[in-house]
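Chemist: Residue strings, one per chain:
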Amino acid sequence: MVNLSQTGDGTFMLHFEGDFTFNSHNHFRIAIKDALHQQASSLNISLKGVKYIDSSALGMLLLAMEECKAKNCKMSVTEASGYVADVLNMVMLEKLVDRAQA
Amino acid sequence: MTRPNSPSLESLTAGAERVAEMTASTQWFASHDAALQLSELVIARQLCTATCAWQLRLILHELLRNAIEHGNLEVSSHQKHTSLDSLQHYYHQVEEALNSPLTQRHITLSLWYKNKTFIGQIQDDGLGFCEQHSQGLGLDLLKKITSSLTYLNNGSLAIFTLEDKHAQP
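Line by line, the protein sequences are chains A and B. Counting along the first sequence from 1, when you hit position 72 you're at 72 in my numbering, and nothing is skipped either side. Take the position in the second sequence, starting the count at 1, then add 1000; the result is the number in my numbering.
Because the hints were derived from the structure by calculation, they are not lab data. Nothing here was measured: the structure is a model prediction, and the numbers come from that model. A portion of the hints provided could be inaccurate.
[Said to hold, decoys possible] Pairs of lysine-lysine, BS3-like flavour, derived with a Cα cap of 25 Å:
{"no.": "1", "chain 1": "B", "residue 1": "Lys1165", "chain 2": "B", "residue 2": "Lys1143"}
{"no.": "2", "chain 1": "A", "residue 1": "Lys33", "chain 2": "A", "residue 2": "Lys69"}
{"no.": "3", "chain 1": "B", "residue 1": "Lys1143", "chain 2": "B", "residue 2": "Lys1116"}
{"no.": "4", "chain 1": "B", "residue 1": "Lys1144", "chain 2": "A", "residue 2": "Lys48"}
{"no.": "5", "chain 1": "B", "residue 1": "Lys1114", "chain 2": "B", "residue 2": "Lys1144"}
{"no.": "6", "chain 1": "A", "residue 1": "Lys33", "chain 2": "A", "residue 2": "Lys74"}
{"no.": "7", "chain 1": "A", "residue 1": "Lys71", "chain 2": "A", "residue 2": "Lys51"}
{"no.": "8", "chain 1": "A", "residue 1": "Lys51", "chain 2": "B", "residue 2": "Lys1165"}
{"no.": "9", "chain 1": "B", "residue 1": "Lys1114", "chain 2": "B", "residue 2": "Lys1143"}
{"no.": "10", "chain 1": "B", "residue 1": "Lys1165", "chain 2": "B", "residue 2": "Lys1114"}
{"no.": "11", "chain 1": "A", "residue 1": "Lys51", "chain 2": "B", "residue 2": "Lys1144"}
{"no.": "12", "chain 1": "A", "residue 1": "Lys51", "chain 2": "B", "residue 2": "Lys1114"}
[Claimed, not checked] Chain A stretches covered by chain B per the calculated footprint, using a threshold of three residues with CB under 8 Å from any CB of chain B:
{"no.": "13", "region": "2-16"}
{"no.": "14", "region": "69-77"}
Each residue gets a CB set at the ideal place from its N, CA and C atoms; glycine is no exception.
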């Protein structure tokens, strides 16, 4: 489940719950587009409720980061824990750094 | 893609217990979460730690997605890496392929267990892929989680090992 809320002026929070896999792509895409359409300057994606994540979801986070960057919106991924945090640490950190520097 | 120094499946599985062996159509694997079911099975049988079961689920999930979508259904992963909007195109390509004769191609999944290590093999009927040109994160993830990963038959056969590093000695 994906839930987008505005937490301040130009600041948005996207809460994710359940398994984050390719099956989530449409809800995720719509939520990101919605935040950018509302001219978000900051978007925090919380993975607190996510218990499982796969490489498709990691790819979607990277694509979202690129689209946010193109719209001058700062995107962050927070509150990942347990195995989800392990997977993010394994693959995402270096990719995020690569893209942030690109 | 064959690595001459990789141990053979026969030597890896010598004396190992066969945990699962299943052959089914692409359609069946696309509509059943075999990775989740097998990870629950190994937990129920107390074969490994929860961490190892979670890793096993992720490995099987990634390898089965590859076998289904890129192997048997021959859908290129390119659209998954282009933009958020292109994900829809990718989804429709997979759905279309699942309604084509390609969906009758088979996948075979085999899993063994020996000395706190799982040995798995997943084979599809597709044309294979070039490991060097793979652009997805899946392969990066698999290489980091597995203890070893070998592709044979041009990439249509994957053999992995996963050691339960958190198991009690």
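Chemist: Confirm or reject each hint.
Modeler: For each hint, the structure was consulted:
Our distance criterion of 25 Å between C-alpha atoms is met by B:Lys1165 and B:Lys1143, whose separation comes to about 16 Å. At roughly 13 Å between alpha-carbon atoms, A:Lys33 and A:Lys69 fall within 25 Å of each other, so this suggested pair holds. For the hint pairing B:Lys1143 with B:Lys1116, the CA-to-CA distance comes to about 19 Å; that is within 25 Å, so the pair holds. Proximity of B:Lys1144 to A:Lys48 is assessed by CA-CA distance (about 23 Å); at most 25 Å being required, the pair is judged to hold.
As the CA atoms of B:Lys1114 and B:Lys1144 are separated by approximately 21 Å, the hinted pair is consistent with the 25 Å bound. Taken as a hint, the A:Lys33 and A:Lys74 pair is honoured in the structure, with Cα atoms around 14 Å apart against an allowance of 25 Å. As the CA atoms of A:Lys71 and A:Lys51 are separated by approximately 30 Å, the hinted pair breaks the 25 Å bound. Taking the CA atoms of A:Lys51 and B:Lys1165, the gap is near 21 Å; set against the 25 Å cutoff, the hint holds.
Between the alpha carbons of B:Lys1114 and B:Lys1143 the distance comes to roughly 21 Å, so the proposed pair stays at or under 25 Å and holds. Under the criterion of a C-alpha separation no larger than 25 Å, the hint pairing B:Lys1165 with B:Lys1114 is consistent with the structure, at around 13 Å. Annotation: proposed proximity of A:Lys51 to B:Lys1144 holds, straight-line Cα distance about 19 Å (limit 25 Å). Of the supplied pair hints, the one linking A:Lys51 and B:Lys1114 is violated, its CA atoms being roughly 28 Å apart against a limit of 25 Å.
For a cut-off of 8 Å, the count of residues in the region 2-16 of chain A with a CB near a CB of chain B stands at 0, and the three-residue condition is violated. Coverage of the region 69-77 of chain A by chain B is violated in this model, with 0 residues showing a Cβ closer than 8 Å to a Cβ of that chain against a need of three.
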